[in-house]
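Protein chains in written order, with my numbering: chain V, 1 to 317; chain R, 1 to 317.
Be aware that a few hints might be false.
Copies of one chain are not kept apart here, so a pair can be met inside one copy or by any two copies together.
Straight-line alpha carbon distances no greater than 27 Å define the calculated DSSO-like cross-link-like pairs of lysine-lysine that follow [unchecked claim]:
no. : residue 1 : residue 2
1   : 284       : 78
2   : 284       : 94
3   : 59        : 284
4   : 262       : 284
5   : 59        : 78
6   : 262       : 94
7   : 59        : 262
8   : 262       : 78
9   : 94        : 78
The set of hints was computed from the structure by calculation and includes no laboratory data.
Protein chains: 2
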Amino acid sequence: MPQTHLAVGVDFGGTSVKIGVAFRGNVVDQAPPIATADFDGPDALIETIIEVVNELRQKHPRTAAVGVGVPGFVDFEKGMVHNLTNVPGWEGIKLKRILGDRLDLPVAVDNDANCMAYAEWKRGAGRGLDNLIAITLGTGVGGGVVANGAMVRGARFGAGEVGQMSIDYQGVRGTYGNLGALEEYVGNQQIAEMAHQAYEAAGEPRSESNCTPAELSRLARQGDAVALEVWDRVATKLASALMSCCWLLNPHAIIIGGGVAKAGELLFGPLTSHLYAQLSPPFKDHLMILPARFGNEAGMIGAAALSLDSAGMTYRP
Amino acid sequence: MPQTHLAVGVDFGGTSVKIGVAFRGNVVDQAPPIATADFDGPDALIETIIEVVNELRQKHPRTAAVGVGVPGFVDFEKGMVHNLTNVPGWEGIKLKRILGDRLDLPVAVDNDANCMAYAEWKRGAGRGLDNLIAITLGTGVGGGVVANGAMVRGARFGAGEVGQMSIDYQGVRGTYGNLGALEEYVGNQQIAEMAHQAYEAAGEPRSESNCTPAELSRLARQGDAVALEVWDRVATKLASALMSCCWLLNPHAIIIGGGVAKAGELLFGPLTSHLYAQLSPPFKDHLMILPARFGNEAGMIGAAALSLDSAGMTYRP
């Protein structure tokens with residue numbers, strides 16, 4: 001029997017909360033985003049989330065579960081938010097229990113990058129693959145890991161932090177003292193700085209604000225040599241971390257999403273070439289490097305899918 | 001009912017094949033090693049292995065399975081050896097089928113580093129842990145990964161190659177073109193070279209052959225500043241790769257074996273300190289860095305354990 005349940009997906013970002021109703025990998029309805037800055041602390045924001053979820057449920061009575069993705073550290077089993085990176089006051093919030101009690105629906109709470117990875121694995125580019133790594137490239141670098149046909153969460157639900165992996169044991173210090181953290185090389189801001197310096201060195205000064213990934217893509221597509229070189233350097237650094245992931249986990253696929261991935265072939269071309277040049281046949285012959293299927297909706301779709309699957313209402317196509 | 005089966009473990013090394021009977025994590029009997037150089041190709045060597053296994057079975061009638069660990073690339077499911085790194089002629093050998101037919105026992109064949117990891121996970125330092133990484137430090141660096149309570153093998157059974165992970169995206173080229181491959185920094189030979197140069201720089205020249213890990217341990221224990229510095233540099237490089245493993249997989253434990261690990265606290269001390277300095281609480285608070293329980297017998301014990309477990313004759317303490 002085909003699955004007919006819908007689920008609400010809540011994508012909790014640093015600045016806004018997006019809430020939508022997902023069905024088979026599509027957001028079929030979405031409420032206006034909630035600005036987190038409008039709320040003093042978790043209590044009032046949670047109240048508003050509950051109101052919005054209830055409104056959506058009234059419109060979509062087959063809503064059977066609620067999933068939440070949050071930008072921080074979560075105890076997935078307990079559904080407890082330990083803390084959020086950029087949202088003050090969220091510490092030790094038992095979100096799964098609170099929402100479950102109030103909504104009387106199964107609730108799942110996970111890290112936002114895990115939700116993205118889950119969306120791609122279960123509904124997106126990685127469907128049917130038992131071993132994959134999904135990353136999202138933006139301000140920072142997030143990720144999730146699937147091995148043996150299951151999400152890898154690790155000892156304390158922290159697994160998947162590809163952005164914190166080192167690409168240089170003597171490199172730039174990351175947020176956690178981690179030398180050479182990938183995120184410090186290929187985040188939006190770092191790409192802009194790298195490009196700014198490259199244009200300066202080339203005698204064609206260009207401000208950092210004119211070196212966004214989108215602008216660098218536009219320039220590279222026009223054949224701009226500096227922009228092409230910048231994308232190759234981004235690809236080189238990203239390839240190093242992903243190469244390490246491949247040697248360690250031998251995945252079927254690496255799925256890449258987030259704003260920076262919109263560069264498309266400008267990034268994927270050199271990335272694939274650098275990556276394949278550093279792997280032996282069993283690691284590269286069957287390796288797929290895939291663009292993510294979902295963009296901004298990945299968090300909602302993943303959280304919704306996770307909530308249904310965790311409640312045993314698994315989608316079967 | 002306690003498990004009472006024994007299993008034969010075959011540890012196929014670059015120079016010799018060790019064959020022993022294992023029982024609950026102990027090698028209770030062992031045949032004299034077979035020198036691989038004495039054999040022209042796989043056929044004759046396989047015959048000899050079969051003879052030795054049969055001799056051991058006659059002495060230990062409760063032998064219920066045979067496991068083989070080989071130094072190369074294996075299709076674990078099919079039990080086929082694709083190729084061995086340092087043993088010519090071993091290509092596309094269906095070892096599991098050949099041994100199974102001749103011995104009429106369940107046979108498992110895996111990569112030697114996976115067997116070591118399996119031994120530590122099921123019978124050794126990592127018992128009861130669902131997420132761990134086991135590495136072996138010697139001429140090269142091998143490893144195995146356990147996640148969600150299962151060995152991670154990956155798309156083509158290649159997973160666990162910690163020694164091929166990069167610690168420097170602009171670093172030394174590894175065997176597979178992989179820049180910054182850990183193995184190129186902390187293998188036996190590389191440690192000797194590093195020490196040789198460090199002693200030269202310190203104005204206390206010392207030949208490479210007098211810079212073995214054992215010799216460097218002896219010197220460091222006497223308070224030799226150069227030797228201590230060399231161990232710290234080895235630890236720094238190793239910590240970088242293991243830190244990346246931790247961010248990606250959030251393991252309960254990292255288990256470290258092999259000849260280089262015999263340095264003990266000289267290595268484990270600075271390694272732990274460098275590693276913890278580069279991880280956030282969910283990744284380090286519960287992380288154990290453990291010396292491997294097994295030494296030279298790890299391969300036999302792991303292969304034997306794997307063969308019993310794969311045949312459903314799982315050991316239950």
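Provide an ascending list of the numbers of those earlier hints which the structure does not satisfy. Failing hints, ascending: 3, 5, 6, 7, 8.
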